[in-house]
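Participant: Add chain F to chain E, keeping to what the hints say.
Protein chains: 2
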Amino acid sequence: MNKLTIIKVGGKIVEEEESLKQLLNDFSKIEGNKLLVHGGGRSATKLAERLGIENRMVNGRRITDKETLDVVTMVYGGLVNKNIVAKLQALGVNALGLTGADMNTIRSEKRPVKDIDYGYVGDVKEVNAAMLASLISQDVVPVLAPLTHDKQGNILNTNADTIAGETAKALAKLFDVSLVYCFEKNGVLRDENNDNSVIPQLEKADFERLMKENVIQGGMIPKLENAFESLDAGVKEVIITHASQISKESGTRVQLTVSSKLIF
Amino acid sequence: MNKLTIIKVGGKIVEEEESLKQLLNDFSKIEGNKLLVHGGGRSATKLAERLGIENRMVNGRRITDKETLDVVTMVYGGLVNKNIVAKLQALGVNALGLTGADMNTIRSEKRPVKDIDYGYVGDVKEVNAAMLASLISQDVVPVLAPLTHDKQGNILNTNADTIAGETAKALAKLFDVSLVYCFEKNGVLRDENNDNSVIPQLEKADFERLMKENVIQGGMIPKLENAFESLDAGVKEVIITHASQISKESGTRVQLTVSSKLIF
Chain E
1 MNKLTIIKVG GKIVEEEESL KQLLNDFSKI EGNKLLVHGG GRSATKLAER LGIENRMVNG
61 RRITDKETLD VVTMVYGGLV NKNIVAKLQA LGVNALGLTG ADMNTIRSEK RPVKDIDYGY
121 VGDVKEVNAA MLASLISQDV VPVLAPLTHD KQGNILNTNA DTIAGETAKA LAKLFDVSLV
181 YCFEKNGVLR DENNDNSVIP QLEKADFERL MKENVIQGGM IPKLENAFES LDAGVKEVII
241 THASQISKES GTRVQLTVSS KLIF
Chain F
1 MNKLTIIKVG GKIVEEEESL KQLLNDFSKI EGNKLLVHGG GRSATKLAER LGIENRMVNG
61 RRITDKETLD VVTMVYGGLV NKNIVAKLQA LGVNALGLTG ADMNTIRSEK RPVKDIDYGY
121 VGDVKEVNAA MLASLISQDV VPVLAPLTHD KQGNILNTNA DTIAGETAKA LAKLFDVSLV
181 YCFEKNGVLR DENNDNSVIP QLEKADFERL MKENVIQGGM IPKLENAFES LDAGVKEVII
241 THASQISKES GTRVQLTVSS KLIF
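These protein sequence lines map, in sequence, to chains E and F. Counting from 1, position 261 in the first sequence corresponds to residue 261 in my numbering; the numbering is continuous, with no gaps. Counting from 1, position 196 in the second sequence corresponds to residue 196 in my numbering; the numbering is continuous, with no gaps.
Extracted from the complex, chain E is given alone in its bound form:
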């Protein structure tokens, strides 16, 4: 199978002109098939504040009422996505910005209300792998915004790490997928205040232990859950690293177990 590199960029990287420029420059140099997934939460928060819309977060997830949905649709689907696409085009990458609604790339369902009503948040149901593979085979580079749709006319807000994980899983049947989560830290850290405390290899058993010990917490938990799910579903490699290191051997390599590594 052909190789496909999926880069997920989030955190402060996409919000700051210099770091984004560097990341896109590095991304443009990745050889072979590639796909970019971006976040944009900080910009959405800023726009909501300017509009007097309250930002409500639960476990790092945004409660998305109708007004907030409009904000994220503007910021993720418009401002962040289109600026990335324009910059990649300038770097010679034939980028195409996509939300889940475009060509039915990612269909989701509005999250059922249990303890918390997340509002217009979508849980991914189906990634249109055949369509993405067809675009990729035509040398198009998809740039996915963290928005999906329910195929009933509604845009839904969906976590970018989840988009990256689900897309990697769906495409793992068609490509040898490397999934790289990059952000402003050097990887998964033993001590969140020490950027040199990167855990070079993280297995599932370690993850569960470190979670219990509160070494791994916050937004890193769903990111790693996505990572392990992706590996379970056949993704070849998951790396969590600094945005300036996407093509280098650094950061944290996530793996199921040592023995499963030998099977590959």
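Just so you know, the hints here were simulated from the structure itself, not pulled from any lab data. Bear in mind that the values here come from a model prediction, so they are computed numbers and not experimental data.
For chains that are exact copies, the list does not tell them apart, and a pair is met inside one copy or across any two.
Within a straight-line C-alpha distance of at most 30 Å, the following computed DSS-like cross-link-like pairs (lysine-lysine) qualify:
hint, residue 1, residue 2
1, Lys21, Lys125
2, Lys46, Lys12
3, Lys66, Lys46
4, Lys110, Lys29
5, Lys185, Lys29
6, Lys173, Lys110
7, Lys125, Lys34
8, Lys66, Lys29
9, Lys66, Lys12
Facilitator: For chain F alone, coordinates are given in the frame of chain E:
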């Protein structure tokens, strides 16, 4: 050649839920190849107002400073475009939202400063007709936002009527193009206060006379200039009509001259 229907929808239609719903429903029923171009100026004006950004218009064109560019990128590329795409997907139309940056659909150049500095406004230089035709041949329905790019990393604001006209011209080499400008009026009116005063056929000589007599004025002038340019470039048919009448024989049919009509 195959037929292609290009619908440009603007004015209040895209901003009001009911009229947009009706328009998209009618659009979904158009048989054969089709493409939609939308505006969104009123929503951009509203968002700018909420953000305390001054709206400056000259001859119906928006002066686009950096902040305003962000507003139109969010509103046209995000809010309006993605909601239309999601609604069309629900109607069974395989819509794909595109700005000029996406797959280099429309390249423009920043308008040179003469009497007026329009700011980040792009004059169309090249429409990627081959790429659009390839998408259309795969039953994809492009939905174009009024944004272009300069291939140097910058999004530029571009009038939606111009986008529709330039796209029609570029695709006229590959399809028999019908271009329909639809909005909240019944067509080109002799008396702007009387919606029953539609001019059923408008030739270039009439247009020039009616412009001198101030019967045709404002935003209708560039719209008709685009229309005549499109006809000159081989577009088969240009209609200006009410959004509720896009598939009916009504509104204003724009034509070069009676004799040129006979040549077809």
